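2 protein chains.
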Amino acid sequence: MITFYDLDGKVKGIPWNINVWKTRYSLNYKGLPYKTVWLEYPDIESTMKKIGALPTTVKHDGSPMYTVPAIYDDSTEVAIADSVLIAEYLDKTYPDTPVLIPRGTYALQNAFQEFLFSKLMPLWILTIPDVPSKCLNPRSAEYFEKHRSLDFGVPSLEVMRVTGEAREAQWLKVQEIFGSFHKMMKDSDTWIMGDKPSFVDFVLASMILSIKTLYGKESKEYQNVMSWHGGRWGRIMTIFDEKYSTVPM
Amino acid sequence: MITFYDLDGKVKGIPWNINVWKTRYSLNYKGLPYKTVWLEYPDIESTMKKIGALPTTVKHDGSPMYTVPAIYDDSTEVAIADSVLIAEYLDKTYPDTPVLIPRGTYALQNAFQEFLFSKLMPLWILTIPDVPSKCLNPRSAEYFEKHRSLDFGVPSLEVMRVTGEAREAQWLKVQEIFGSFHKMMKDSDTWIMGDKPSFVDFVLASMILSIKTLYGKESKEYQNVMSWHGGRWGRIMTIFDEKYSTVPM
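Protein chains in written order, with UniProt numbering: chain A, 1 to 249; chain B, 1 to 249.
These aren't lab readings, by the way, just hints derived from the structure by calculation.
Treat the numbers as computed from the prediction; the structure is a model and nothing was measured.
Warning: the hint list may mix true and false statements.
Identical copies look the same in the list; a pair holds intra-copy or inter-copy alike.
[What the hints assert, rightly or not] List of simulated lysine-lysine pairs, DSBU-like, C-alpha gap at most 30 Å:
(1) K183 with K212
(2) K119 with K49
(3) K146 with K173
(4) K186 with K59
(5) K183 with K59
(6) K196 with K92
(7) K220 with K119
(8) K217 with K183
(9) K49 with K243
(10) K183 with K196
(11) K146 with K183
(12) K186 with K49
Please put together the full structure from these sequences, using the hints given.
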């Protein structure tokens, strides 16, 4: 059985973190059974050390940083963090399940993910300040506030908040960015690689899902995104909601 | 026979433009015979209208913009501009030649190309001001100076020029960016998609080649790039130089 490490939040059973959803979608797409362990941010490092997962990046002070998503697979006694490395591991270890990173596309999928993250900065500016109050328990909220402020180089996340007309303008920027990805794809394709989902679709869907998690399914924000570009993102999210969104406890 | 439209330059037979090289490499990789027509910038629009190629983008004033690379294929009477569209056309029309955009990777290859272009801004800042004096005949130099200044929002390309220690620092930035792409790839892979070149390798090689065209094969600039990241880019460029660099007149 695979143990999957997710971030705990205010609403039990509704995972909220973009990076962790990439792996949850990956596991669900493959149909692999797993159980979820819910962590608060300050407990990630000790837990990862305990299971033997390596750090995935470095902190601002240069010391190793441990992150989720992570899995521990007791059938192989392997612990891995980082959604791309997990996807690779799952493809290799469970070759009879649907493929996440088709042969030859490792670097392309990596690059697509980085590109999407870097381009969507206008979305992060809109959403990040809402995460602590809407999604997090106090211990994680404090951690998130401190670390994300450092990441964005701001004294507090609240100073990033955009309101009123400026907020509308910021959403227009987000729409334009989604439009640029829409243009990169064929109109007839549902998925980035055409007829089947692959890891990059899970990255994209995780980002869109975060809007629903923060503002609600019926919110103007989420409904707008669902309608953009001929409803392309709406169609994807309907499939994700129906097929790949289970949250085993 | 395919007619391939390239940009003329100061040195006959040494094409200099990054975008056009992507298609020249594509044609050479496929082993398709073609002849080259050399254009000056101000003659692109009238030539493209004559052969029936569509505009690929818009000018700063919103009017249609015609660009090279472009091809006219007299076996099908088709004219196309834009390196990705040309690659797609060649794959479809000549299915027995090596594939440029493997099935399912159209959006990924598109995104990779855009990501590379956007990330490599520090390289364009270094190289663009050198293009008119080193590569172009007077009519194209005047056109390039005017249009690229508008693209970069500067009064003249000369104000972009970086010298001395700032130039060294700028090259370090370029090295870091290549390093980030190095990290996205497997160490054992020569090509972005693993064991075979594909369109994105031609994009990457075109960008690296521009450094050789501007500063010379033996220049410190080019030799440095050849040595970066365990010689990865050097190995790629050796293969390109040997196999895919012919320039039919």
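Evaluation of the provided hints:
| no. | hint | in the structure |
| --- | --- | --- |
| 1 | K183 with K212 | within (24 Å within a copy, 33 Å between copies) |
| 2 | K119 with K49 | neither (33 Å within a copy, 35 Å between copies) |
| 3 | K146 with K173 | both (27 Å within a copy, 28 Å between copies) |
| 4 | K186 with K59 | between (39 Å within a copy, 24 Å between copies) |
| 5 | K183 with K59 | between (36 Å within a copy, 18 Å between copies) |
| 6 | K196 with K92 | both (18 Å within a copy, 21 Å between copies) |
| 7 | K220 with K119 | within (22 Å within a copy, 33 Å between copies) |
| 8 | K217 with K183 | within (26 Å within a copy, 37 Å between copies) |
| 9 | K49 with K243 | neither (33 Å within a copy, 49 Å between copies) |
| 10 | K183 with K196 | both (19 Å within a copy, 26 Å between copies) |
| 11 | K146 with K183 | between (37 Å within a copy, 28 Å between copies) |
| 12 | K186 with K49 | between (44 Å within a copy, 26 Å between copies) |
Hint compliance for this structure: hints 2 and 9 are broken, all remaining hints hold.
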